[in-house]
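Visitor: Protein sequences appear in the order of chains H and R. The first sequence begins at 1 in the numbering used here and counts up one residue at a time. The second sequence begins at 1 in the numbering used here and counts up one residue at a time.
The set of hints was computed from the structure by calculation and includes no laboratory data. For glycine and all other residues, C-beta sits at the position ideal for the given N, C-alpha and C. Hints should not be assumed to be uniformly reliable.
[Claimed, not checked] With a Cα cut of at most 25 Å, we get these calculated BS3-like pairs of lysine-lysine:
| id | chain 1 | residue 1 | chain 2 | residue 2 |
| --- | --- | --- | --- | --- |
| 1 | R | Lys421 | R | Lys395 |
| 2 | R | Lys137 | R | Lys205 |
| 3 | R | Lys395 | H | Lys413 |
| 4 | H | Lys136 | R | Lys91 |
| 5 | R | Lys7 | R | Lys191 |
| 6 | R | Lys320 | R | Lys297 |
| 7 | H | Lys40 | R | Lys91 |
| 8 | R | Lys252 | H | Lys180 |
| 9 | H | Lys426 | H | Lys313 |
| 10 | R | Lys191 | R | Lys205 |
| 11 | H | Lys136 | R | Lys320 |
| 12 | R | Lys421 | H | Lys180 |
| 13 | H | Lys267 | R | Lys7 |
| 14 | R | Lys108 | H | Lys40 |
| 15 | R | Lys252 | H | Lys267 |
[Said to hold, decoys possible] Where chain H lies over chain R, by a calculated footprint (3+ residues, C-beta under 8 Å):
| id | stretch |
| --- | --- |
| 16 | 177-184 |
| 17 | 247-254 |
| 18 | 365-372 |
[To be verified] Some chain R residues flagged as far from chain H (calculated, every beta-carbon gap over 12 Å):
| id | residue |
| --- | --- |
| 19 | Leu9 |
| 20 | Leu19 |
| 21 | Ala217 |
| 22 | Lys297 |
| 23 | Arg397 |
| 24 | Asp420 |
| 25 | Gly446 |
Now for the letters of each chain:
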Amino acid sequence: MITRELCAKVLEAAAATGADYAEIFAENSKNHSINMVSGKVDAISDGVVFGAAVRVYKGLRSVMATTVDVSEDGLLRCAKQAAQALGEGKAALDIVLRDRMFANIHPIRTVPSSVPNRDKVEILRTACRGAYAYDKRISQVTGSFLDVDQNILIASTEGIYASDRRVRTRIAVTALAEAKEGGTQTGSCSPGRRMGMEMFEKEVDAEAVGREAARQAVVMSEAGYCPAGVMPVAIGNGFGGVIFHEACGHSLEASSVAFGLSQFTGKLGQKIAGEKVTAYDDGTIPNAWGSLNFDDEGTPTRRSVLIENGVLKNYMIDKFNSRRMGMDPTGSSRRESFAYTPTSRMTNTFIGEGSDDNDAIIASIDNGLYAAAMGGGSVNPTTGEFNFAVREGYMVRKGKICEPVRGASLVGKGSDVILNIDMVGKNLLLAEGMCGASSGSIPTCVGQPMIRVSSITVGGR
Amino acid sequence: MDFKEFKALVTARAEKAGLADYELYYTSQESTEVSMFNGELDSFTSSLTGGAAFRCIVDGHMGAAYTQELSEEAAESLVLRARENALTLEKEEEAFFAEGGAEYPDVKPVEYPVLGAEALIQAAQDACGALKTSHEKITDRCSAEALTEQTRTSLVNSHGADLSWTNSVDAVVLSAVVSDGKEDNDDYDIKVGVPASLDLKAIAKTTAARAADMLGAGVAPTAACPVIFSPKAMYSMITTFASAFSAENARKGLSALKGKEGEVIASELVTLLDDPFYPESPYPQKFDGEGSPTRRKELISRGVLNTLLYDLSAAHAAGKETTGNAFRQSYDSPVSIQPYTLVLAPGALSEEALLAKCGSGVWIDFLGGTHAGANPISGDFSLQSEGFLVEGGKKTRPVRSFTVSGNFFTLLKNITALSDKAELPRPGLPAVASPAVLVEGLTVSGS
Numbered sequence: 001m002i003t004r005e006l007c008a009k010v011l012e013a014a015a016a017t018g019a020d021y022a023e024i025f026a027e028n029s030k031n032h033s034i035n036m037v038s039g040k041v042d043a044i045s046d047g048v049v050f051g052a053a054v055r056v057y058k059g060l061r062s063v064m065a066t067t068v069d070v071s072e073d074g075l076l077r078c079a080k081q082a083a084q085a086l087g088e089g090k091a092a093l094d095i096v097l098r099d100r101m102f103a104n105i106h107p108i109r110t111v112p113s114s115v116p117n118r119d120k121v122e123i124l125r126t127a128c129r130g131a132y133a134y135d136k137r138i139s140q141v142t143g144s145f146l147d148v149d150q151n152i153l154i155a156s157t158e159g160i161y162a163s164d165r166r167v168r169t170r171i172a173v174t175a176l177a178e179a180k181e182g183g184t185q186t187g188s189c190s191p192g193r194r195m196g197m198e199m200f201e202k203e204v205d206a207e208a209v210g211r212e213a214a215r216q217a218v219v220m221s222e223a224g225y226c227p228a229g230v231m232p233v234a235i236g237n238g239f240g241g242v243i244f245h246e247a248c249g250h251s252l253e254a255s256s257v258a259f260g261l262s263q264f265t266g267k268l269g270q271k272i273a274g275e276k277v278t279a280y281d282d283g284t285i286p287n288a289w290g291s292l293n294f295d296d297e298g299t300p301t302r303r304s305v306l307i308e309n310g311v312l313k314n315y316m317i318d319k320f321n322s323r324r325m326g327m328d329p330t331g332s333s334r335r336e337s338f339a340y341t342p343t344s345r346m347t348n349t350f351i352g353e354g355s356d357d358n359d360a361i362i363a364s365i366d367n368g369l370y371a372a373a374m375g376g377g378s379v380n381p382t383t384g385e386f387n388f389a390v391r392e393g394y395m396v397r398k399g400k401i402c403e404p405v406r407g408a409s410l411v412g413k414g415s416d417v418i419l420n421i422d423m424v425g426k427n428l429l430l431a432e433g434m435c436g437a438s439s440g441s442i443p444t445c446v447g448q449p450m451i452r453v454s455s456i457t458v459g460g461r
Numbered sequence: 001m002d003f004k005e006f007k008a009l010v011t012a013r014a015e016k017a018g019l020a021d022y023e024l025y026y027t028s029q030e031s032t033e034v035s036m037f038n039g040e041l042d043s044f045t046s047s048l049t050g051g052a053a054f055r056c057i058v059d060g061h062m063g064a065a066y067t068q069e070l071s072e073e074a075a076e077s078l079v080l081r082a083r084e085n086a087l088t089l090e091k092e093e094e095a096f097f098a099e100g101g102a103e104y105p106d107v108k109p110v111e112y113p114v115l116g117a118e119a120l121i122q123a124a125q126d127a128c129g130a131l132k133t134s135h136e137k138i139t140d141r142c143s144a145e146a147l148t149e150q151t152r153t154s155l156v157n158s159h160g161a162d163l164s165w166t167n168s169v170d171a172v173v174l175s176a177v178v179s180d181g182k183e184d185n186d187d188y189d190i191k192v193g194v195p196a197s198l199d200l201k202a203i204a205k206t207t208a209a210r211a212a213d214m215l216g217a218g219v220a221p222t223a224a225c226p227v228i229f230s231p232k233a234m235y236s237m238i239t240t241f242a243s244a245f246s247a248e249n250a251r252k253g254l255s256a257l258k259g260k261e262g263e264v265i266a267s268e269l270v271t272l273l274d275d276p277f278y279p280e281s282p283y284p285q286k287f288d289g290e291g292s293p294t295r296r297k298e299l300i301s302r303g304v305l306n307t308l309l310y311d312l313s314a315a316h317a318a319g320k321e322t323t324g325n326a327f328r329q330s331y332d333s334p335v336s337i338q339p340y341t342l343v344l345a346p347g348a349l350s351e352e353a354l355l356a357k358c359g360s361g362v363w364i365d366f367l368g369g370t371h372a373g374a375n376p377i378s379g380d381f382s383l384q385s386e387g388f389l390v391e392g393g394k395k396t397r398p399v400r401s402f403t404v405s406g407n408f409f410t411l412l413k414n415i416t417a418l419s420d421k422a423e424l425p426r427p428g429l430p431a432v433a434s435p436a437v438l439v440e441g442l443t444v445s446g447s
């Protein structure tokens, strides 16, 4: 994309006013998605994201300038803008760029951006058909096939000159079922991987995706409203891990910890979660949705233990906030595209396996809720107040799973809820989502085995 | 390469490909943003971004593609990809482009000056200073941002439309973090305007006071009780369910308002307007994402659903006129149907009288998790809430960590009173201006 020589020139201009770090992030990405409604191709989004960002730091001050003009003039203009905004000073860095090759731990066989629409439509049609065929009560099915081919280049005054090609593919089906008492209920399923078209051979059965969405919609169409109150809740594996993502994960990101804006600031080495909780952020899982070879500042990703047996061990840290915190970056710096200022974010973040049997978890609940599938959620890291939606829930009475219930959401304060995780199962599963924050919308995995929260507020009616 | 040059290349390529119906849409945005943490400059961002979207109709289908790269190669690829995409589409509705020569509303953009780095730094510094002395419980973890942005939009098509528009915005964001030694709380406010003309001290005081009022919040008791939604809470509620007003969603069976035009869907106290020129909005719009003229319209008149929102294709399918609601967030967004500023007409009661009418219930200021805890199709919601208990017709203790549950379409019917002043709590598209609203028949779930 941009030669090493030009990068060196741009970094020199960017650091001309005394920056102690300068960086270029350039991108040329293809984003493609096909939407299907009622079995027909309804819309296609097809675009090229193209541009570059120049960042400089001086102490705890950070400046970023972005441009869609990546000609030599455009980049130098951008670099000068950044240098000027930093204030007055003299160049203090010696810039030598060395090619860096990172290991590619996410091999891709067939890049979807090189595949014609018809092949993707065929897979999408199979998925949607799977939903319609599941049950007569399915009244509407929508689906999407999404693929991203992101080509990036990072050059920094730390000497890195490296590029990467990040390919990801996702299929999503939403099914609507007519409810007994009128109206419709929704079910959805949306697996994705940092893979190409081969995802549909090895990992994801398109038809089963449609069936799962339909199964959920049908179950929920038969459900009554969830009762409201405080109760014990068993949360299923996979996307159930959104509880950790919201209740704890965001509050372990340096973007709030570094500013003292997290409930977990200054708590390293302290017990913050139930003893059975060991949690990880692992950007190195081969071909997982939230994985990367290296982060958006050129730091290799890693497997970090965030919490070990309930004790806080680490945060997720980007380069800039690592300065404020006096700690090393952890390969956690991420951005949606060049247009966003990167900051510390999650990759694949999950609670590890425990020793409880699923049956024992359900059997331990006298009167509570089993949240078999979760929807999304959100959190305010400062107060720790979070919420998330239960997509498929069942009442549990006297240790038995009973009737399905709909419309439930779980709310509480993160620091309380993770202390209340008192059982952890053995069936760890990761699930894919898009996580939104200041540096944009990025792919992340959540995950967990089945867990039990001894007490949580369930919103219902 | 500038847009003019790129436009010529795309037009030539489209003609060469034998395309007769096409459109090029372009946005270019320049912005600068300064952020300060506890009075220290923390980050400075300036950006030049934008791109072009090309749409063409082939065999009755509308194909599209976009790019941020403006080059000869990109122009060629843009046209070819849009054509391939058109050939893949199977949607039954006919596709249309706006005809040139239409009459457009006489509206002018609000012209905010483009601010330089020094003015922005000064504004953020002043805002941080104002926060520092705003409240006795304020901490040294407050931050402020000042920003200036200018967005230019152009739309040209093969039917003679040739339109352009510029929106500019200056704004200050204040984030207050308060603490009583036991717990922290935060709140923020965004104010659009030339920073020097804003009363930052007053904004900082109300923002910090709002955050401090919530310290020591308990949990609301579980009950079925009347609920008052503040203008900010109504903003979250209405934007979450606004997609129900799209005629396109109705046609696809993705809206509960399908087939309800002309029917009573809300309490007769409810009148809801969609206003592309709402005076307090910094984003007035002269033409929509397809190039059709925009206009004000009543969606709900005294409880009756007057009209849904239409673009050219949905209008044609329903035998109606477009309402000028084809919406494009940017060059990279698809054309969708969306309102501009939804204005819920105020009622007759002062805030005190509204609280008195409520008697015993909950006042909700904040709704969280609307992307997950609400189903825009069925209208069901169960949302994280914050606010105050209402006891004896007055706001008393702060409460949080509870949910409010119900159904939006039932809620519309159960509105029993509205306060007499509408507020626009957040600028944006879509936005919502609403009074405080009293609703019966909801469930609050807490302790």
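Visitor: Taking the hints in turn, state whether each one holds.
Guide: Right, here's what the structure says about each hint:
1. With a C-alpha separation of about 18 Å, the suggested pair Lys421(R) and Lys395(R) falls inside the 25 Å cut-off, and the hint holds.
2. Distance hint between Lys137(R) and Lys205(R) is fulfilled; the C-alpha atoms sit about 11 Å from each other, no more than 25 Å.
3. At most 25 Å may separate the alpha-carbon atoms for a hinted pair to count; Lys395(R) and Lys413(H) meet this at roughly 23 Å.
4. Note on Lys136(H) and Lys91(R): the hinted pairing holds, with a Cα-Cα distance of about 23 Å set against a maximum of 25 Å.
5. With a C-alpha separation of about 37 Å, the suggested pair Lys7(R) and Lys191(R) falls outside the 25 Å cut-off, and the hint is violated.
6. Distance restraint check for Lys320(R) and Lys297(R): the Cα-Cα separation of roughly 14 Å lies within the 25 Å cut-off, and the hinted pair is therefore satisfied.
7. Taking the CA atoms of Lys40(H) and Lys91(R), the gap is near 6 Å; set against the 25 Å cutoff, the hint holds.
8. The hinted pair formed by Lys252(R) and Lys180(H) meets the criterion: a straight-line CA distance of about 21 Å does not exceed 25 Å.
9. Our distance criterion of 25 Å between C-alpha atoms is met by Lys426(H) and Lys313(H), whose separation comes to about 22 Å.
10. With a CA separation close to 14 Å, the supplied pair Lys191(R) and Lys205(R) stays within the 25 Å bound.
11. Of the supplied pair hints, the one linking Lys136(H) and Lys320(R) is violated, its CA atoms being roughly 33 Å apart against a limit of 25 Å.
12. A threshold of 25 Å between alpha carbons decides the hint, and for Lys421(R) with Lys180(H) the separation of about 41 Å lies outside it, so the pair is violated.
13. Note on Lys267(H) and Lys7(R): the hinted pairing is violated, with a Cα-Cα distance of about 57 Å set against a maximum of 25 Å.
14. Annotation: proposed proximity of Lys108(R) to Lys40(H) is violated, straight-line Cα distance about 41 Å (limit 25 Å).
15. For the suggested pair Lys252(R) and Lys267(H), the alpha carbons sit about 51 Å apart, so the restraint of at most 25 Å is broken.
16. Only residues whose C-beta sits within less than 8 Å of a C-beta in chain H count toward coverage, and the stretch 177-184 of chain R has 3 of them, enough to reach three; the restraint holds.
17. Taking a C-beta to C-beta cut-off of 8 Å, the stretch 247-254 of chain R contributes 3 residues in contact with chain H, enough for the three needed, and the coverage statement holds.
18. With 4 residues having a beta carbon nearer than 8 Å to a beta carbon of chain H, the stretch 365-372 of chain R meets the requirement of three or more and the stated coverage holds.
19. Every CB of chain H is more than 12 Å from the CB of Leu9(R) (nearest about 15 Å), matching its label as outside the interface.
20. With a closest Cβ-Cβ approach of about 16 Å to chain H, Leu19(R) is found to remain outside the 12 Å limit, as its non-interface label requires.
21. With a minimum CB-CB distance of about 9 Å to chain H, Ala217(R) fails to clear the 12 Å threshold, and the non-interface call is violated.
22. Remark: the non-interface label on Lys297(R) is consistent with the geometry, its nearest Cβ contact in chain H lying 25 Å away (cut-off 12 Å).
23. The claim that Arg397(R) is not at the interface with chain H holds, since no C-beta of that chain comes within 12 Å of its own (minimum 17 Å).
24. Taking the minimum C-beta to C-beta distance to chain H, about 30 Å, the non-interface status of Asp420(R) holds against the 12 Å cut.
25. Not every CB of chain H is more than 12 Å from the CB of Gly446(R) (nearest about 6 Å), against its label as outside the interface.
In summary, the numbered hints that this structure violates are 5, 11, 12, 13, 14, 15, 21 and 25.
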